[in-house]
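*Asks:* Residue numbers (the numbering used here), protein chains in the order written: chain A, 251 to 593; chain B, 18 to 312; chain C, 54 to 316.
What the hints contain is simulated information worked out from the structure, not anything from laboratory work. Careful, some of the hints might be misleading.
[Unchecked claim] Subject to a maximum C-alpha distance of 25 angstroms in a straight line, what follows is the list of computed DMTMM-like cross-link-like pairs (lysine to aspartate or glutamate):
no., chain 1, residue 1, chain 2, residue 2
1, A, Lys445, A, Glu404
2, A, Lys438, B, Glu68
3, C, Lys182, A, Glu342
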Amino acid sequence: MKRIFTSFLLFLTFLAIVGITSCGRKAVLNIYSWAEYVPQEVIEQFEEEFNCRIVYDTYDSNETMYTKLRAGGAGYDIVFPSGDYTSIMIREGMLKNIDRTKIPNLANLDPRVTAKINYDPEHEYSVPYMIGTTGIAVNTRYFSEYPRSWRILEMEEVRGKATLLDDMREVMGAALKTLGYSVNSLEKEQLNEAKELVLLWKDSVAKFDNELFAKGVVSGEFWVVHGYGENIFYEATEDEIEDIDFFIPEEGSTLWIDNMVILKDSKHSDLAHEFINFILRPDISAEISDYLLLPSPNSKAAELLTEEPIYELADLENCEMIEDIGEDLVLFNDIWNEIRFGL
Amino acid sequence: MNRSSLPGIVYSLPGIAWLSFFFLIPYIIIIIYSFLTPGIYGGVTLPFSLESYTRMLTSPGYWELLWQTVWISVMATVICLGLSLPVAYYIATSKRKNLLLTLVVIPFWTNFLVRIFAWMLVLGRTGLVNSFLLWTGLIEQPLQLMYRPATVIVVIVYMYLPYMILPLYSSIEKFDFTLLEAGMDLGANRNEAILKVLIPSIKGGIIAGVILVFIPALGSYAIPDLVGGTEGAMLGNLIAKQLTVARNWPSSSAISMIFLLISTLGLLVYLRMNAIQARVRRFRVREDYMKEQEQ
Amino acid sequence: METRKTIGKRRFSSLVTLGVFLLLYIPIVSLIVLSFNSARQGVMWTGFTLNWYVRLFSSPDIWRSFMNTVIVALVASTVATIIGTLSAIGIYWYRFKSRKYFQILIYTPLIIPDILMGVSMLIFFAALKVPLGLGTVIIAHITFCISYVTIVVITRLEDFDYSVVEAARDLGARSFQVFVKVIIPIIVPGIVAGFLLSVTLSVDDFVITFFVAGPGATTLPLRIYSMIKFGVSPVINALSTLLIGGTLMTALLARRFRKLIIG
Chain A
251 MKRIFTSFLL FLTFLAIVGI TSCGRKAVLN IYSWAEYVPQ EVIEQFEEEF
301 NCRIVYDTYD SNETMYTKLR AGGAGYDIVF PSGDYTSIMI REGMLKNIDR
351 TKIPNLANLD PRVTAKINYD PEHEYSVPYM IGTTGIAVNT RYFSEYPRSW
401 RILEMEEVRG KATLLDDMRE VMGAALKTLG YSVNSLEKEQ LNEAKELVLL
451 WKDSVAKFDN ELFAKGVVSG EFWVVHGYGE NIFYEATEDE IEDIDFFIPE
501 EGSTLWIDNM VILKDSKHSD LAHEFINFIL RPDISAEISD YLLLPSPNSK
551 AAELLTEEPI YELADLENCE MIEDIGEDLV LFNDIWNEIR FGL
Chain B
18 MNRSSLPGIV YSLPGIAWLS FFFLIPYIII IIYSFLTPGI YGGVTLPFSL
68 ESYTRMLTSP GYWELLWQTV WISVMATVIC LGLSLPVAYY IATSKRKNLL
118 LTLVVIPFWT NFLVRIFAWM LVLGRTGLVN SFLLWTGLIE QPLQLMYRPA
168 TVIVVIVYMY LPYMILPLYS SIEKFDFTLL EAGMDLGANR NEAILKVLIP
218 SIKGGIIAGV ILVFIPALGS YAIPDLVGGT EGAMLGNLIA KQLTVARNWP
268 SSSAISMIFL LISTLGLLVY LRMNAIQARV RRFRVREDYM KEQEQ
Chain C
54 METRKTIGKR RFSSLVTLGV FLLLYIPIVS LIVLSFNSAR QGVMWTGFTL
104 NWYVRLFSSP DIWRSFMNTV IVALVASTVA TIIGTLSAIG IYWYRFKSRK
154 YFQILIYTPL IIPDILMGVS MLIFFAALKV PLGLGTVIIA HITFCISYVT
204 IVVITRLEDF DYSVVEAARD LGARSFQVFV KVIIPIIVPG IVAGFLLSVT
254 LSVDDFVITF FVAGPGATTL PLRIYSMIKF GVSPVINALS TLLIGGTLMT
304 ALLARRFRKL IIG
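Model the full structure from these sequences, guided by the hints.
*Replies:* Below, the structure written as structure tokens:
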């Protein structure tokens, strides 16, 4: 008996020691990003080429990432905020100036992408990682007659079988676009109209969901979901993809650009620059696009792609970027609180 | 009884020190925040203001949400208690106590998100229950079992059952079953004896269980978020949204303060009732004893 | 077995217990079964496979976060159990001046919503310039576990006769001896229950951990959260199955050395 007891304790001590010493002496790059956003192979290749170790921690939304960093969460080198949060973080002085001479691969960026960047056009603080849109996915096993429009959410057939993202700006953006307004509109009238539309949609959606839309639409739990194409296709097998129709609604949609930024108190700034430059290498950029099935923001990567992305850069013409609206966020908040919580 | 205050303080000192430092100070920060003005990009700024409180308290929607939160939590606690009493009784009187207790705890060593996820496999449109019912031909269309307020209650009950069973078990286990026998000898039937003898003497366990279930249920956040649908939101979700999406830290703190105030009041009432009843009980025992002596 | 008669056949309670165990185990058993199912989605059986386990083991991240979880749970639960047990004894048996305040202090962590506790602790650590990491996660876990341990141990103390302690003292035992030889053995079941509850809470916590974790301190719940959104469902099922298996083993071992300690 005693032996079991001691060996168990020894085992635990062993685990603890392994856990502590396995860190080694290599330089460490701390990345804070979306889950499954950078392929494991890319991380391993970087670790090998630059003889370092990458710690990859994840967050589930710009908001939680920002709340954590804002409250004092520290120790990360590179973060991947979207456009609106990039501009907030620039304004709040949370970011380090990027030394563009250390990132020669910046020249590879597709001008169609850089033209859309208004929050940091000169890449003083941020470098785009991926660009994309939010759309609608339908599981066609269950029904096949539908408009390729946001109005699909008003169909009687989808009642209780649809989801909208639990994201204020995305959902309001979709409603504003449907009504022909800008996703960044601050007009009271327009916002009210959009609110009424979202309340109409709310009747037919099962839930506001950020987590399970991808699994849900693939498994048939939901028939129509509002979400990110890359998540949905990541989830599906070859056969299942046949049944999934992902489209950008004809009225247009929101556009997002996720960026790589270096935090002000980063202790591994040089390595962080190397990482950003590495991501912009055509072969690496193509590998990432193939993994996420998103169009590459890298013009030299285009011919290296082996998979066909869910949509092309050209399809994003009718999509509008969500911008930071500063103090006017209150307008959106009040509406969203009313929609979500009846306040 | 000779109970000097020194050992009490010595025993409590580590707890007092730890909680004062790592809980009380952060908690005071929250209280202060609730009286400040939100910064545009999160955080707080001066001046001091009562706006977060006045806005919240004058909004009827807030009171409805509070009511819904309390109602869901009360339902879940009552169901938990109803299920746990017989289970704890069964385990405490079983020969395989340890095995059964371990069996109660094992499912809860799986991550709680995974457990919620498992419920989706069971209750979903293409899940176990619906597949089974479709197969038997009892229904033709899958039933909508997920994303309803009732789903939230079921999952909360499931999540917090062991927090009810464990304290109930530990007080039933100490219960002297010859007392039940005595009650029955005095003419009570078994159910009466259980109701009048067993239940009052395990009140401590019941109170502990109720606190352990009701309070986390009140603060539920992930469960309503994942299985709640559009109408199943609870206060915890609002607190989280105010903090992150709206970047309104004072409002988030103020809502929590009201929340804490209500729970702390409940707690004080409990402690008070407990103390009074303990005194009454002691008094009665003495009375009975004296009566016996007289006879 | 003189109590057999009073306890009776326990027909009602055995039925409810059966029902509750079904409720507890149906989701878990479906998870376990589906971890061997070759289908990626849904509950239809399409064939046996160990594929998901292979994929699970090829992920170094999961192993790392598992280690973090084990370290945090063991350290935090041990410290919380010690502090919580002492607090329970202090609160329950002794009357001292600030007892009431302490009681409130002990119970309020149970009330505060997780997310606020997480954020307030994060602000606190940031103000003190404590670097975030496993250490801050452990501190946070200890803080919320103490209250649970105290409440569980108090239920054990409730009908315990204090005169035993006095008797021991009258017989010449010193305070420390009383503590080790009299008090502890009597409340061991409460302590074990408190420790188990702490481990359960610690292994499970997502929200507070999320806020106080720093680079490289990702615990299993944090990892699983991102897997639920993006990962392949059966791999999560496989992971859960292994966790349950591991738990069973640990529980068996724990039973062994509990016997060893008690004698």
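*Asks:* Hints first: check each against the structure and report whether it holds.
*Replies:* Evaluation of the provided hints:
Proposed proximity of lysine 445 of chain A and glutamate 404 of chain A is supported: the alpha carbons are some 15 angstroms apart, at most 25 angstroms. Proximity of lysine 438 of chain A to glutamate 68 of chain B is assessed by CA-CA distance (about 23 angstroms); at most 25 angstroms being required, the pair is judged to hold. Proposed proximity of lysine 182 of chain C and glutamate 342 of chain A is supported: the alpha carbons are some 20 angstroms apart, at most 25 angstroms.
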